[in-house]
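Those sequence lines, one after another, are chains A and B.
For reference, each letter of the first sequence is one residue, going 15 to 436 in our numbering.
For reference, each letter of the second sequence is one residue, going 15 to 436 in our numbering.
Take these hints with a grain of salt, some might be off.
Note: identical chains are not told apart, hence a pair may lie in one copy or across any two.
[What the hints assert, rightly or not] Computed cross-link-like contacts, DMTMM-like style, restricted to lysine to aspartate or glutamate with a CA-CA straight-line distance of at most 25 Å:
id, residue 1, residue 2
1, K151, E162
2, K136, D89
3, K406, E389
4, K371, E172
5, K407, E385
6, K371, E174
7, K176, E162
8, K299, E426
9, K257, D24
10, K57, E385
11, K430, E172
12, K435, D128
To be clear, the hints were calculated from the coordinates, so they are not data collected in a lab.
On a predicted model such as this, the values are computed, not experimentally measured, just so you know.
Number of protein chains: 2
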Amino acid sequence: MSQNEKRMRDLASQEALATAAEREMGTALDRYEAQQPQCRFGKQGICCRICSMGPCRVVSTDGETRLGVCGANADTIVARNLLRMVAGGAAAHSDHGRDVAHTFLLMARGEAKDYGIKDEVKLRAVAGEYGVEVDGKSTQEIALELAERAMAEFGQQEGELKLAARAPEARQKVWRGLGVMPRGVDREIVECMHRTHIGVDADYRNILRHGIRTALSDGWGGSMIATDLQDIMLGSPVPIRAKVNLGVLSEDKVNLVVHGHEPILSEMIVEASRDPELLKLAEEKGAKGIQLSGICCTANEILMRQGIPSAGHFLQQELAIATGAVEAMVVDVQCLMPGLSQAVNCFHTELITTSPKGKIPGARHMEFEEENALEVAREIVRAAVEKFPERKKRSKRKYRLDWGKFSPERIEREWKKRKRKK
Amino acid sequence: MSQNEKRMRDLASQEALATAAEREMGTALDRYEAQQPQCRFGKQGICCRICSMGPCRVVSTDGETRLGVCGANADTIVARNLLRMVAGGAAAHSDHGRDVAHTFLLMARGEAKDYGIKDEVKLRAVAGEYGVEVDGKSTQEIALELAERAMAEFGQQEGELKLAARAPEARQKVWRGLGVMPRGVDREIVECMHRTHIGVDADYRNILRHGIRTALSDGWGGSMIATDLQDIMLGSPVPIRAKVNLGVLSEDKVNLVVHGHEPILSEMIVEASRDPELLKLAEEKGAKGIQLSGICCTANEILMRQGIPSAGHFLQQELAIATGAVEAMVVDVQCLMPGLSQAVNCFHTELITTSPKGKIPGARHMEFEEENALEVAREIVRAAVEKFPERKKRSKRKYRLDWGKFSPERIEREWKKRKRKK
């Protein structure tokens, strides 16, 4: 078994890893190996860097436990670190929900004209759950009221999150009994940061209990709001059959890869990639069309709603670029490795950031605006199309894609063969 | 110069450090020394433990820079860590403001009867700034409207914070130009956590710019709300002359030390400590009265409003206990070293936590309720008084306070003498 076979079992990824090595590109796997051995204190969560008396490392030496400068022991430090991880995760997940709610609000106000209501049945059902009176009201009126109520869940200071009422009553009772029923999305995350600050909560049980409240505020708040409003605005998904893995990249079409999290952006890119004017431009540039594909979470969003193939998961984001076939990768937020910036330097690929919250040095920034969504999306697709002629120049010399190896059909055959052997 | 003279220049602290050592109590200074040498990566901020591919340490080896697994370089990692520190600080500061606003709201609703309006002039002025119509309205009505508007600043999702309008116009323009005008208190803190999560913001300039916005949301939001509402509710302070340092602890009175941050609690303790019934109880227990003093931030709150002496700063919290003269230390949130729990074990002192956000293993928890503030405060003072008879039992054998050395008068004389020598 070669080194790359050990690193990733997927055949297409092995191929891409080999090219990456050939180009001295550097991938997350290489960097992971270069980081070995990783810090033992950090891995165990017993290092605290929260206040400036630290960093502190808590260990047992000669049978005696060493405490942090403030007096925190391992229980407190591990709990603090874990709570901050919960805060980071909930903040990210729920901020996605906030952006969706914001776009939904703009749409309902008539300020984001490229979005609309695709699932009116769900609109009325969800609005009803929030206590919005739906009878005799127009779709637009219901949407506006729902948008305002959903948005208010983020800043709510007292009471309970609306959607927590979806949980079975017995479960809600348990949450109330333990004092973990979330009061608002943002408030719980902020309280994580307060509690873990130097000298507030030192009791790991109390710290972890607040972690549960924060996780619930994301799961039954921000994340659930994201799902509901996306379905209403972009359509509720149904099961479909689709192709996945790096082989979905096309040898003779413009490859534009959408990577990140929010369908608010990727749905518009899908629409723009079908624009006759841009398809004509692609033809003029020598391509047989525009092949859109996704990476990571946003891939699933456009796969389940639009049938767009998924080029891969989190660890394949750099490998997609290593195929040498990607004209542009457009990203918004979350799971974007800063290493992408280094990867695109080895090929003709353009890395395009779109969110004011997520910039990457070396990338081209084309800021996405909900009010002007489709136009920005068209500009992004155009940027990809214009890169197509450069692909041949950069990949002819050293590297030629072996599409047979990458194709999903071949991978399927290969796995069937292996299965039969067993 | 002895070791303790090198550690702290303050004479009273030196005395207390000596006792702490005698009792093998362990102080922050001892733990700091035991932590040496502190981790070089942590100190420089070039260690990242945000995602679970890490921990990563970024160093230059053989002239080559090592990157984090995700590809983050030192700039990104340092900026991420700094932004999370800003988030922690802003969350703590502003959560204090939220608690004050919450108490103010309960007071205005008539649900926290132990609080009232002490500065009506400031109430009307601040309400006016929030756009509350004050003419022809009762104090209570104005207070309720102000409370609701102040509370809304925390959860606000769009627009600008109200009190930012206090900054000079030219400055506001700069903030708007840079995109750092804060939209809401909680939202900015949550966005810090999102941006610094694995794979969102990788551009250190963009990360740090959001740090400025978050700091402004605290300074012109949460913290400013705390100051205003405290002044209205508890009285605006005027310059006073007061005594400070460990010598303010009384040899023959019950010593109750208030430590933490929020005057919502400490003001009530001040009132309870003047209760004739509790003073009588103190006398019955053999004490000549009840001596209240403060540590850290809450000390300043009751010093400037009530003239209560301050027993010391952050690093003296354990030293106050090491005098052996403290019957109880009551804490709420922030700057509470978990080491206090170990310190009180060496003496008769009771450590009392009061906030649901800040528990310490080994401490007695007496939860503070705004609706029932004075009654809880009385119970806390009573707990301190009942500890008084134990002081002699625990401190006679090994340790006797040398009050001459601790007295502020002596320290003043000593410093004057040193100054003359120079």
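To see whether the hints hold, each was checked on the structure:
1. For a Cα distance limit of 25 Å, the shortest separation of K151 from E162 inside one copy, 16 Å, qualifies, whereas the shortest one across copies, 30 Å, does not.
2. With identical chains, the CA atoms of K136 and D89 are never at most 25 Å apart, being 45 Å at best within one copy and 45 Å at best between copies.
3. For a Cα distance limit of 25 Å, the shortest separation of K406 from E389 qualifies neither inside one copy, at 29 Å, nor across copies, at 80 Å.
4. Taking CA atoms no more than 25 Å apart as the test, K371 paired with E172 passes between copies only; the shortest distance there is 16 Å, against 28 Å inside one copy.
5. Taking the shortest Cα distances, K407 and E385 never come within 25 Å of each other, neither inside one copy (38 Å) nor across copies (74 Å).
6. In this homomeric assembly, K371 and E174 come within 25 Å of each other (Cα to Cα) only across copies, at 18 Å, whereas the closest approach inside a single copy is 29 Å.
7. In this assembly of identical chains, the alpha carbons of K176 and E162 lie at most 25 Å apart whether taken from the same copy (13 Å) or from different copies (21 Å).
8. In the homo-oligomer, the alpha carbons of K299 and E426 never lie at most 25 Å apart, since the shortest distance is 33 Å inside one protomer and 85 Å across protomers.
9. Proximity of K257 to D24 under the C-alpha cut-off of 25 Å is restricted to the intra-copy arrangement: shortest distance 15 Å within a copy versus 73 Å between copies.
10. Proximity of K57 to E385 under the C-alpha cut-off of 25 Å is found in neither arrangement, the shortest distances being 44 Å within a copy and 44 Å between copies.
11. For the identical chains of this complex, K430 and E172 are neighbours neither inside a copy (56 Å) nor across copies (54 Å), given an alpha-carbon limit of 25 Å.
12. With identical chains, the CA atoms of K435 and D128 are never at most 25 Å apart, being 52 Å at best within one copy and 79 Å at best between copies.
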